[in-house]
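Based on the sequences and whatever the hints tell you, model everything.
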Amino acid sequence: MPLELLTWLPIGVWLLIGIVVLVVIIFFSYFNRFAVLGNRIDNSLSQIDVQLKRRTDLIPNLVESVKGYMKHEKAAIKAVTDARKALVSAEGMEKKIKANNQLESALKTIFAIAENYPNLKANENFLELQRELTTTEDKIAYSRQYYNDSILAYNDLCKTFPGVFFASIFGKKPREYLQIAESERKAVKVEF
Amino acid sequence: MTERIDFRDQISRNKLKSFFLMFVIFVVIIALGYVMSFAYNPDLFFTIMIFSIIISISYLLISYYNSDKIALFSVNAREVKRENNKLYYDVVEGLTLASGLPMPKLYVMPSKQINAFASGRSPKSSVICVTEGALEKLDRRELEGVIAHELGHIGGYDIRYMTLVAVMVGIISIISEIFLRSLWFRNSDRDNNRGNAIFMLIGIILAVLAPIFVYFVQLAISRKREFSADATAVKFTRYPPGLIGALEKIKYGNSPEKRINKAVAPLFFANPFKELGNTHPSIEKRIELLRRM
Numbered sequence: 000m001p002l003e004l005l006t007w008l009p010i011g012v013w014l015l016i017g018i019v020v021l022v023v024i025i026f027f028s029y030f031n032r033f034a035v036l037g038n039r040i041d042n043s044l045s046q047i048d049v050q051l052k053r054r055t056d057l058i059p060n061l062v063e064s065v066k067g068y069m070k071h072e073k074a075a076i077k078a079v080t081d082a083r084k085a086l087v088s089a090e091g092m093e094k095k096i097k098a099n100n101q102l103e104s105a106l107k108t109i110f111a112i113a114e115n116y117p118n119l120k121a122n123e124n125f126l127e128l129q130r131e132l133t134t135t136e137d138k139i140a141y142s143r144q145y146y147n148d149s150i151l152a153y154n155d156l157c158k159t160f161p162g163v164f165f166a167s168i169f170g171k172k173p174r175e176y177l178q179i180a181e182s183e184r185k186a187v188k189v190e191f
Numbered sequence: 000m001t002e003r004i005d006f007r008d009q010i011s012r013n014k015l016k017s018f019f020l021m022f023v024i025f026v027v028i029i030a031l032g033y034v035m036s037f038a039y040n041p042d043l044f045f046t047i048m049i050f051s052i053i054i055s056i057s058y059l060l061i062s063y064y065n066s067d068k069i070a071l072f073s074v075n076a077r078e079v080k081r082e083n084n085k086l087y088y089d090v091v092e093g094l095t096l097a098s099g100l101p102m103p104k105l106y107v108m109p110s111k112q113i114n115a116f117a118s119g120r121s122p123k124s125s126v127i128c129v130t131e132g133a134l135e136k137l138d139r140r141e142l143e144g145v146i147a148h149e150l151g152h153i154g155g156y157d158i159r160y161m162t163l164v165a166v167m168v169g170i171i172s173i174i175s176e177i178f179l180r181s182l183w184f185r186n187s188d189r190d191n192n193r194g195n196a197i198f199m200l201i202g203i204i205l206a207v208l209a210p211i212f213v214y215f216v217q218l219a220i221s222r223k224r225e226f227s228a229d230a231t232a233v234k235f236t237r238y239p240p241g242l243i244g245a246l247e248k249i250k251y252g253n254s255p256e257k258r259i260n261k262a263v264a265p266l267f268f269a270n271p272f273k274e275l276g277n278t279h280p281s282i283e284k285r286i287e288l289l290r291r292m
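Chains as they are written, first to last, in numbering that gives the first Met the number 0: chain A, 0 to 191; chain B, 0 to 292.
All clues stand as given, with none of them false.
Between beta-carbon pairs, the in silico distance windows are:
no. : chain 1 : residue 1 : chain 2 : residue 2 : range
1   : B       : 75        : A       : 31        : 41 to 47 Å
2   : B       : 49        : A       : 14        : 29 to 35 Å
3   : B       : 84        : A       : 71        : 36 to 42 Å
Because the hints were derived from the structure by calculation, they are not lab data.
Think of the CB as a built atom: it goes at the ideal place given N, C-alpha and C, for glycine as much as any other residue.
Pasting the structure below:
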C-alpha cells in the first residue's frame with residue numbers, strides 16, 4: 000500500500016522533495032552543532048571562574064591559621080592578601096589568570112616558609128587548607144585545558160569543509176584561545 | 000628515534016578502525032543469511048534473521064540496562080563516600096573538569112591487584128570502580144592516568160558500542176546455530192539438485208567458521224577501543240608518564256585474579272587474567288604508544 004503513494008507524483012518530484020528535506024536537515028544539524036559548541040565554550044569559561052572563586056574563598060581561612068604562628072612574616076602574608084584582592088577585582092579571563100599566577104607565587108612562598116614552623120606544619124587545619132589549595136590549582140588547570148579544547152572543537156568546525164560554508168552563512172567566526180603573556184611563561188619564582 | 004604521535008589522531012584512528020571492523024561483522028551477517036537463503040528458501044532467511052535479532056537484542060538490552068549493577072555486584076564493589084576517599088574524589092573531580100563529563104558514582108572493590116573499570120549506559124549514569132590495590136599502590140599521577148582512561152571509555156560510549164558489537168556477534172551465533180541444527184531435520188528428497196548442494200556446503204562452512212571469525216573481530220574491536228581510551232586519557236591529563244607508570248606497576252606487580260567473572264573481564268583497565276583471549280592490547284604495546292604521545 001505505501002507503494003501506491005509513490006504514484007501520486009512523478010518520481011522526479013519525489014527526488015527533489017527528498018533532496019530539499021536532506022538539505023534542511025543538514026542545515027539544522029550544522030546550526031545546532033555551532034550552537035552546542037559555542038555554549039560549551041561559554042560554560043567552560045564560567046567553570047574556570049567557579050574554581051577561581053573557590054580559591055579566593057579559601058585564602059582568608061589560610062591567613063587566619065597562619066597568622067598566629069608566623070607573626071613576623073608580615074611581607075609574605077601581605078603578598079597573599081594583596082594577590083587575593085587583585086584576583087577578586089580582576090576583569091576578563093586573561094587578567095584573572097595573570098592574577099591567579101600571582102597568587103600561586105605568593106602561596107608557594109608561604110608554604111615554603113611554613114617548613115620552618117613545625118607547630119604550623121602539624122596543624123590539621125593548615126594541612127587541610129594546603130591540600131585544598133593544591134587541588135583547586137589542579138582544577139583551574141583542567142578547566143583552562145577544557146576551555147581551550149572546546150575552542151579547538153569550535154574552530155575545527157568553522158574551518159573544515161563543509162562547516163566553513165555554514166560558518167559564513169551563520170556568521171560564525173573562529174574564537175581566540177586564552178593568551179598567556181610572555182612574562183607569565185617564565186617559571187613561578189619563590190621569593191623570600 | 001620513533002616519531003611522535005598525536006593523541007587526537009590516535010583517538011580518531013582507533014575509532015575508525017573499530018567502525019570498520021564492526022562493518023565487517025555486519026557484512027558477515029548479510030553473507031551468512033544470503034548463502035543460507037539459497038540453501039533454503041528466502042522467506043526462511045527473513046524469519047531466522049528477525050527471530051535471532053529479537054533474541055539477541057532482548058538478551059543484551061537486559062544486560063545493558065543493568066550492566067553497571069551486574070559488573071559491580073560480581074566483584075563485590077562498595078560505593079564510597081568523599082569523607083574517607085578524598086584523593087579518589089579529588090582526582091575524579093579534576094578529570095571531570097578536564098573532560099566535560101558529569102561526575103560518575105565511585106566504587107571500590109576488594110583486590111590486591113591494580114585495576115579499574117567503568118560501566119553504565121551513558122555518561123549521566125556511569126560508574127567507576129577501582130581496586131583497593133590501585134588506591135594503595137598508585138601515586139596521584141598514576142591514579143589520574145587510570146581514571147582518565149576509564150573516563151575515556153565513558154566519554155567514548157565504549158560500553159554502548161561493545162554491547163552493540165555483542166548483539167551482532169550474538170545474531171551470527173544464533174543464525175549459525177539454527178542453520179546447523181536444522182540440517183538434522185532436512186527432507187532429503189527436496190532440494191537434491193547440485194546447485195543447492197553447493198550453497199549448502201558453503202553455508203555449513205560459513206556457519207561453523209563465522210562465529211569463530213567474528214569472535215576474533217570482536218576482540219580486535221575491543222583492543223582498538225582500549226587504545227582509543229589510552230589516547231583519551233592523555234587528552235585529559237596531558238601527562239602520559241602517569242598512565243605509563245600505572246601500566247608498569249601492573250606489568251610487574253599484578254598476579255592473576257581467580258574470582259573475577261569472565262564476562263566482566265573485558266571491562267577492566269588491564270587484563271585480569273594472564274591467559275584470557277586478547278580483549279586488551281599487550282601492556283608493552285600500550286606503553287610504547289604512550290611514550291610517543
